[in-house]
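Chains S and A, in that order, are what the protein sequence lines are. If you count the first sequence from 1, position 261 lands on 299 in this note's numbering, and the numbers rise without skipping. If you count the second sequence from 1, position 180 lands on 218 in this note's numbering, and the numbers rise without skipping.
Don't take each hint at face value.
Pairs count within a copy or across copies, as identical chains cannot be separated in the list.
[Stated by the list, open to error] Distance condition first, Cα-Cα at most 20 Å in a straight line; then the derived EDC-like pairs of lysine to aspartate or glutamate:
1) Lys106 to Glu176
2) Lys290 to Asp360
3) Lys101 to Glu176
4) Lys132 to Asp118
5) Lys290 to Asp374
6) Lys56 to Asp344
7) Lys290 to Asp301
8) Lys291 to Glu372
9) Lys291 to Asp301
10) Lys128 to Asp118
These are calculated hints, taken from the structure and not from any lab test.
Chain by chain, the residues run as shown.
2 protein chains.
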Amino acid sequence: MRKERTIYFILRTLLQGKTSYWNLIRENDTVLPEFISTLKELVDGGYVAADEEGLLYLTEKGKEYAEKLGIRAYVDPVCDHCKGKTVVIKEEYKPLYEEFLKIAKDRPKAITAFDQGYVTPEDTIRRVLLMHRFGDVENKRILILGDDDLTSIALALTGLPKEILVLEIDERLINFINKVAEERGWTNVKAMTYDARYPFSDDIQRQYDTFVTDPVETVKGISLFLSRCIQGLKGEGSAGYFGLTHIEASRKKWHQIQRNLLDMNLVITDIIRRFSDYALENEDIVKEDLNFRVYTEAPVKVNFPDAYFYTSNMYRVELIGDPKPIFDGKVEWERDLYLDDEAYVTAEKESHE
Amino acid sequence: MRKERTIYFILRTLLQGKTSYWNLIRENDTVLPEFISTLKELVDGGYVAADEEGLLYLTEKGKEYAEKLGIRAYVDPVCDHCKGKTVVIKEEYKPLYEEFLKIAKDRPKAITAFDQGYVTPEDTIRRVLLMHRFGDVENKRILILGDDDLTSIALALTGLPKEILVLEIDERLINFINKVAEERGWTNVKAMTYDARYPFSDDIQRQYDTFVTDPVETVKGISLFLSRCIQGLKGEGSAGYFGLTHIEASRKKWHQIQRNLLDMNLVITDIIRRFSDYALENEDIVKEDLNFRVYTEAPVKVNFPDAYFYTSNMYRVELIGDPKPIFDGKVEWERDLYLDDEAYVTAEKESHE
Chain S
39 MRKERTIYFI LRTLLQGKTS YWNLIRENDT VLPEFISTLK ELVDGGYVAA DEEGLLYLTE
99 KGKEYAEKLG IRAYVDPVCD HCKGKTVVIK EEYKPLYEEF LKIAKDRPKA ITAFDQGYVT
159 PEDTIRRVLL MHRFGDVENK RILILGDDDL TSIALALTGL PKEILVLEID ERLINFINKV
219 AEERGWTNVK AMTYDARYPF SDDIQRQYDT FVTDPVETVK GISLFLSRCI QGLKGEGSAG
279 YFGLTHIEAS RKKWHQIQRN LLDMNLVITD IIRRFSDYAL ENEDIVKEDL NFRVYTEAPV
339 KVNFPDAYFY TSNMYRVELI GDPKPIFDGK VEWERDLYLD DEAYVTAEKE SHE
Chain A
39 MRKERTIYFI LRTLLQGKTS YWNLIRENDT VLPEFISTLK ELVDGGYVAA DEEGLLYLTE
99 KGKEYAEKLG IRAYVDPVCD HCKGKTVVIK EEYKPLYEEF LKIAKDRPKA ITAFDQGYVT
159 PEDTIRRVLL MHRFGDVENK RILILGDDDL TSIALALTGL PKEILVLEID ERLINFINKV
219 AEERGWTNVK AMTYDARYPF SDDIQRQYDT FVTDPVETVK GISLFLSRCI QGLKGEGSAG
279 YFGLTHIEAS RKKWHQIQRN LLDMNLVITD IIRRFSDYAL ENEDIVKEDL NFRVYTEAPV
339 KVNFPDAYFY TSNMYRVELI GDPKPIFDGK VEWERDLYLD DEAYVTAEKE SHE
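Make the full structure from the sequences, and use the hints.
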């Protein structure tokens, strides 16, 4: 059943014209192992082929198949203005965006040891505006667990939060955020070392109104990150934001994660599809190291990414009572915490062999 | 904690200028009993007052309070183009919308005995476009449980679905939909009588790809409606759409409903805030009968609604395996199925006394 959906999205996108492997991933909502095996079947069956530039297209056989399935030309109804992301950077918020760009250009580059990329500056500002829309920024104490995207700086630039605390493991980011805060005179912004294996210290517990995090996409890992985050929240009405992808998290995994959210006393208030584009393709690291499974297992020869193929959906959650973390004490940083079989972008090939 | 949120939204909205009771409801995300009691406290405390036209404003004391809380002028970042609804009726879809308007103007009027209103025609078309975006319309067999909004007709006008079955309790709607289908020669569209107290007949079970419903907002009622709907679904990858409000469903109720969704083997894939506006204020029935609690318990004298105050959030859910209905057999149509203490718009005053 779900495979039919994957095939449908591939054919519908290709009916619009030639496109790259990366854009096909972007336009699907299927976890990568399934997407790749389905695309491989279509290629092996002679329905889909790649031209010399690595662009994919429907063969005559493929076109007949699409016609047989009754798939017609698709006009995408997604809003061109906000790209379906619900909020836009209006005139009044342009200076915020410009200022953020100026600061972010000097940011430490992403390195493989920690992560492979970060959200585009535009989408980081959008996230802050979304949080503001939902009443989670102004006069709030905000806790950020992992800040690759520099959300702390975007938030501080609005001048709205009461306090911002960043907990990070990457010293370079900690130093960068603290340096910017000092230069700007932001006395209410602080970044400090934190390793998610350990519970929060007492002075962080039950102090914050809002959390932001971008967790690893294993059920165990995300549940650990969110358990830590909610330990920092005051209680009922406190809210949190995090991203979850389709390409490294199947619908079944989403289901397990959602169950854990509810068990933690969180209600899901919003899920906005494809809210965040990750700027992976701008990263030298990706261009130098093509050993990730999304490349190595592609059924056709592919070029460097020409589209934001790694996107995530924005979750907003809210506490309906006291926080009920699933993980409470110290945990061992074991492999299953940050890697599972659906990790095709954030994991390298050899690690699965 | 949550009350602070309600106060924040009231003050932030009023800082933008005078506005109606109805618009304040629209701009909040709080269940009505809580919203009304909070507004009442602000009115009784002398922070908020109503002018002779029934518009609410911040008194001097109210302005000082907002300043003390540090609330500043708010620029709404929501996309003006799609109003944060993610999809728009583009040029190519205009004829669909025009045609739908032409048909819908002769629709049976909503009556209290069944329901108090329906979604605006524009938002009904948006819903269909959203479903199409997510791959749930083209060549799909679609089941609609309750069709006040005439989603069946909007879907049929696209020419995309394989089949549309409407299950309804209101004979007038059934006759209207079947008459339109006959006039237009839509042999794949059918409406028939159905009472949600009874399980589906065998020929409806496990036949459909997509369901659409607009359930009553009690935990029991929504769980019954969705149990019936998923009995009609084929299996993994089949999807469903329904609306859930803030004003008659608290975050705690959302939490219980979400738990039931997961228990039914559904994963929540999207929640789009304020996707549907209900055209209550155009209904003669509402203007004639001001006995609903949203009127009778308003802390100030209010006029007829001047804003879409009754809005709902759009849920998309997807089966991750076989359907697991919570309700299986026949149920008694008891009061707690369709009314609870959060029903301030769909319930009349005397029914709670």
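Checklist entry - Any hints this thing doesn't respect? Which numbers, in order? => result Those not satisfied: there are none.
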